[in-house]
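Using the hints, put the two chains back together into the complex; each one sits in its own frame.
So the protein sequences, as listed, match chains C and Z. Numbering follows my numbering, in which position 291 of the first sequence is assigned residue number 291; successive positions increment by one, without gaps. Numbering follows my numbering, in which position 99 of the second sequence is assigned residue number 409; successive positions increment by one, without gaps.
Honestly, I wouldn't trust all of these hints.
[Stated by the list, open to error] Straight line, CA to CA, 27 angstroms or less: simulated DSS-like cross-link-like pairs of lysine-lysine:
{"no.": "1", "chain 1": "C", "residue 1": "Lys121", "chain 2": "C", "residue 2": "Lys226"}
{"no.": "2", "chain 1": "Z", "residue 1": "Lys426", "chain 2": "C", "residue 2": "Lys226"}
{"no.": "3", "chain 1": "Z", "residue 1": "Lys426", "chain 2": "C", "residue 2": "Lys26"}
{"no.": "4", "chain 1": "C", "residue 1": "Lys256", "chain 2": "C", "residue 2": "Lys81"}
[What the hints assert, rightly or not] To give a feel for the contact side, a few chain Z residues facing chain C, derived at Cβ under 7 angstroms:
{"no.": "5", "residue": "Phe339"}
{"no.": "6", "residue": "Pro342"}
{"no.": "7", "residue": "Met351"}
{"no.": "8", "residue": "Ile353"}
{"no.": "9", "residue": "Tyr432"}
{"no.": "10", "residue": "Pro435"}
{"no.": "11", "residue": "Thr438"}
{"no.": "12", "residue": "Val446"}
{"no.": "13", "residue": "Val557"}
{"no.": "14", "residue": "Val571"}
{"no.": "15", "residue": "Phe579"}
{"no.": "16", "residue": "Ser588"}
Hints are computed from structural coordinates only; laboratory data are not their basis. Don't be surprised by glycine CBs; every beta carbon is placed ideally from N, CA and C.
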Amino acid sequence: MSTATGKGAGLPSGKTKNAPNPAARKLVNGLAFYIVGILIAIVMFLPFYWSVMTSFKPDEDMFSMPIRWIPTSFTLEHYVKAFTTVPFGLYFWNSFFLAATGVVLNLFFGSLSGYAFAKLKFKGNSAMFRVLLAAMMVPGIVTMIPSVYVLRHIPLMGGNDLFGDGGMGLMNSFWGIILPGASGTFAVFFMRQFFLTLPSDMMEMARIEGCGEFRIFWNIYLPLTKPALATLGIFTFQAGWNSFLWPMIVLNDPNKATIQMGLQAFSFNFQTDYGPMMAGALVAILPILILFLALQRYFIQGIAFSGIKG
Amino acid sequence: MISAGKLEKSRPSAGTGLGRHQARMGYLFILPTMLLFAVFMVIPVVMALYLSFTNYDVLSKNDWIGLANYSRLLQDNLYWQTFLNVGFYAIVFVPLNLLISLLLAVLLNRAARGVKVLRTFYYLPTLTSAVAAATVWLWLLHPEYGMVNGILSTFGIVGPAWTSQTETAMIAIIMMTLWQSVGSNMIIYLAGLQGIPDYLYESARLDGASRFDCLRYITWPQLRPTTFLVSTMSIIGALQLFDQAFVLTQGGPANATKTPVYLIYQQGFNQLQMGYASAQAFVLAMAILIFSLISMRLNRSEESIL
Numbered sequence: 001m002s003t004a005t006g007k008g009a010g011l012p013s014g015k016t017k018n019a020p021n022p023a024a025r026k027l028v029n030g031l032a033f034y035i036v037g038i039l040i041a042i043v044m045f046l047p048f049y050w051s052v053m054t055s056f057k058p059d060e061d062m063f064s065m066p067i068r069w070i071p072t073s074f075t076l077e078h079y080v081k082a083f084t085t086v087p088f089g090l091y092f093w094n095s096f097f098l099a100a101t102g103v104v105l106n107l108f109f110g111s112l113s114g115y116a117f118a119k120l121k122f123k124g125n126s127a128m129f130r131v132l133l134a135a136m137m138v139p140g141i142v143t144m145i146p147s148v149y150v151l152r153h154i155p156l157m158g159g160n161d162l163f164g165d166g167g168m169g170l171m172n173s174f175w176g177i178i179l180p181g182a183s184g185t186f187a188v189f190f191m192r193q194f195f196l197t198l199p200s201d202m203m204e205m206a207r208i209e210g211c212g213e214f215r216i217f218w219n220i221y222l223p224l225t226k227p228a229l230a231t232l233g234i235f236t237f238q239a240g241w242n243s244f245l246w247p248m249i250v251l252n253d254p255n256k257a258t259i260q261m262g263l264q265a266f267s268f269n270f271q272t273d274y275g276p277m278m279a280g281a282l283v284a285i286l287p288i289l290i291l292f293l294a295l296q297r298y299f300i301q302g303i304a305f306s307g308i309k310g
Numbered sequence: 311m312i313s314a315g316k317l318e319k320s321r322p323s324a325g326t327g328l329g330r331h332q333a334r335m336g337y338l339f340i341l342p343t344m345l346l347f348a349v350f351m352v353i354p355v356v357m358a359l360y361l362s363f364t365n366y367d368v369l370s371k372n373d374w375i376g377l378a379n380y381s382r383l384l385q386d387n388l389y390w391q392t393f394l395n396v397g398f399y400a401i402v403f404v405p406l407n408l409l410i411s412l413l414l415a416v417l418l419n420r421a422a423r424g425v426k427v428l429r430t431f432y433y434l435p436t437l438t439s440a441v442a443a444a445t446v447w448l449w450l451l452h453p454e455y456g457m458v459n460g461i462l463s464t465f466g467i468v469g470p471a472w473t474s475q476t477e478t479a480m481i482a483i484i485m486m487t488l489w490q491s492v493g494s495n496m497i498i499y500l501a502g503l504q505g506i507p508d509y510l511y512e513s514a515r516l517d518g519a520s521r522f523d524c525l526r527y528i529t530w531p532q533l534r535p536t537t538f539l540v541s542t543m544s545i546i547g548a549l550q551l552f553d554q555a556f557v558l559t560q561g562g563p564a565n566a567t568k569t570p571v572y573l574i575y576q577q578g579f580n581q582l583q584m585g586y587a588s589a590q591a592f593v594l595a596m597a598i599l600i601f602s603l604i605s606m607r608l609n610r611s612e613e614s615i616l
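Here chain Z stands alone, though its shape is the one from the complex (with noise of 0.2 angstroms):
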């Protein structure tokens, strides 16, 4: 880029005067953007830091305490129980969800009457707010008198009181997100799967191979770029749950939905404790960059191999 404006400033047609007017232009465009960049994005950033070495409780206290925050962190058994709740959350979330919109994609991908009606129908869910889904999702669970267990009863099933026990709050969160976000994933397929040459699967097809060959050796390698997409994206919208959260489950029964989110927003909102909830927040920071890194790798190692 730089080369491109070392360019332009020796190139003489256009004339100099012109050019200068241009770039004052462009830099008054940008103005606003940047402007608002540096307040809301580049300030809070920097703060971020700093404010995770004090002691900073909006009212009175804004005292630099060095590492004191980070060692109280290490010791903080809520604050990692939350990391294992949202791990446990993203090992079953994220294989069902990528697994679904695939098998969605697929599904659909193929020119029948009523195909684009049943996509709409799809994607409808991801439409619904986290608050409005998961209030409509507190009456679908509802132990007794719920859809859900209204219908694991016509099978002969007693449904377990899905919000209020330890072993299914999760499951309950995971179940209403899949539904609301298996939609759009659908779509992010199909457009990957349209992007797949239909020669690869004619030959292959002329060399014999089943349909679920086809799937397995052209369909998912081919998709690969999408899948990775998908899948850091849900792995980072994971990490950084809370909205189901805090509306299904309140983060209960005893802290099995909390959420790190839920956890630095408790911390920093309620308790007032900035200083300690900015520590919070730059370790979860830490912890998203690092899973996209890994996925990243992962994803480019296996690409090796096959």
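For reference, chain C alone in the conformation it holds in the complex (with noise of 0.2 angstroms):
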């Protein structure tokens, strides 16, 4: 590590003392660089190496020292056996289906209040805008178990009457999770954001041409947003793809269980079958790295945002 803090610092500071010989010296800045780089990269990676190598390998590969780092013979009887003894085909499912629902309507109030507190005139604002800024502080931990108390207590659904009783609410259901988060402040304050930066006047000209609001939304100002968009979806689709508590809290049933729940259980449950459980966790892990690999100017752009933000 030591070296690498000298070696980013500065660039040409050997003109002085190597003033001779500068090629020779960049030469082995330049090595030192990639030689440390592909170490630290190494140590990144090693991780992934060691659980993709491990769901391929026989269990009497992997119960072997030393480390066998290349195995012997390749073999999918992992990724049969995490797939049959639990339905992970059903959970990688409901996550996907939980992810996508969360994407499409974050997107949709994202923008859509994003647009309004951006470039609509209207009484309270502002007002309103700082008091969702403000919420973005109040830690998760407040609300959970509230949160469940409401979701219980929804009138007229899962067999609850007017005022909220005698049923499940919505607890156990897949509404469950979609509708706390169907519209996050982030989506909100990040489109807003956006919004800022694109010119009105094309707004005025559309009201003089007698268009009405929501087309000059959704026509003109919202497909300018979509590198936005984009950003924004990838970020939500992460979150609720990896999210973990607040599923297991709303879902009981075993068939509505998300891949992390599911993932979790299977570890808790088959604690010694390594080799089914790292099938599993790179199954829950691919999507995102798909994501990501298809996307990834739209991700670095994101947590840059996040970090001007502060």
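So, in structure tokens, the structure goes:
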């Protein structure tokens, strides 16, 4: 690590010391950078490599010392076992459904109200926006228990009467996951910031032409925010796919479990079955990995934004 | 903002009819968001405080019991132990997280061939869910056949039984979370580094400053807002630690990795003492608030010294 510090800080400080041979100096610098950089990359990647190898190698290779870095034979039995002992396919679909629904709703409601906060004039606009912003600081743990109460007592849902009594409400239903996160404050904030950068004169023009407010939003402004929508969509999907505690609280029915819940239960119940465990973990990681490799640009933009925000 | 509203009202040009129509549409556009916000944020926050004064247990009881939950909490040793646990976690994790992310960012803040590929590799672990990462690390840290102890043994070191020893269980969580989080903090630091103007370095170098001087007296102070952001986020994250402790160590051994959120989850959803769990959650929320205020204050005072 200490070499890394010295390396990155400056560029050609060899000017005075090694004046006769700056090219050689540069070469050594570059070489050191690649050696350190690649070593760290290997360290970061090793856990992936290790779990992929484990998921494909037979049991007798797994439990051997010293470590066999390259398996002697490949097998798919761990994947077969993971998918047959527990319904990983169903969990995968459940997670996908929840995450995708979350993306669609957040993009729609987030941009709709982000647009209103950024572009439309109405009384209490910025006051309400400030309240939303302040709420971003409320930690999730405070609202966790009362949210369960609220979900249980939603009127006329899940066997409840008009006053929210008698049934389970939205507990143990996908709506209990979808609704509380359907219009995240972050989505509203993120989209508002983006709409603020767009000029308002298009809006004035369209109004003079007699265009309705929703059509101005939907047909003129929303198409301009595609990069922001992509970034927000990816972030929402990742958050939805990876979330664990709240789905575990809301969903009791094993057939409604998400992939994270299924993976946790599997590694808890089959504690020594490391092969299938690694297979399951990789299946849980894969969709986000594919999303990342396909849309890397938007990922990086999103983090840079959350950094600038602070 | 109030003045802007008044301005709008008194302006005669646009015509009040159009203005009113625009306002109506504005309210309509934010209606779904505000409705969901009221039901799933405002009501729960108010209820959280109320429930903490009751013995609500989902099934039968929901009586006002005053401060009983809070006085019980003061004597609850396990509750305070969970704070010590995440305190230890934060003391080790937060500085390491800052240091490693910053070093990675400084290393990769250059225009060389292959830098983007390296960034991608450093970023990959952040894509994993805490549950999947913990499952993988459960196997990595296997005392006999795991990769970590396997590598240690090639250096003649006998590695510990990471997740089942009280001394190392929290270290295991820290290692795993570091692996998982330095990548995204590196990106935040990279954005910060790119915001530092070049002339600062150029003039410092003309004055004969060494690379370390540049790092110490230009990079580090210039990155103060970024450092503040990253450290605040990781302290708050530490106080809300759950997934890793739940999957990797199940809070054990002997409650060594039990975290406040873990305890609240058990109290509320396994033992159904939701009133008491609400009191615990409320105190935790206050702690989170206090810590973000302290770190904000510290950062500011340091700024005035420098």
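| field | Violated constraints from the hint list, given by number and in increasing order | value | none
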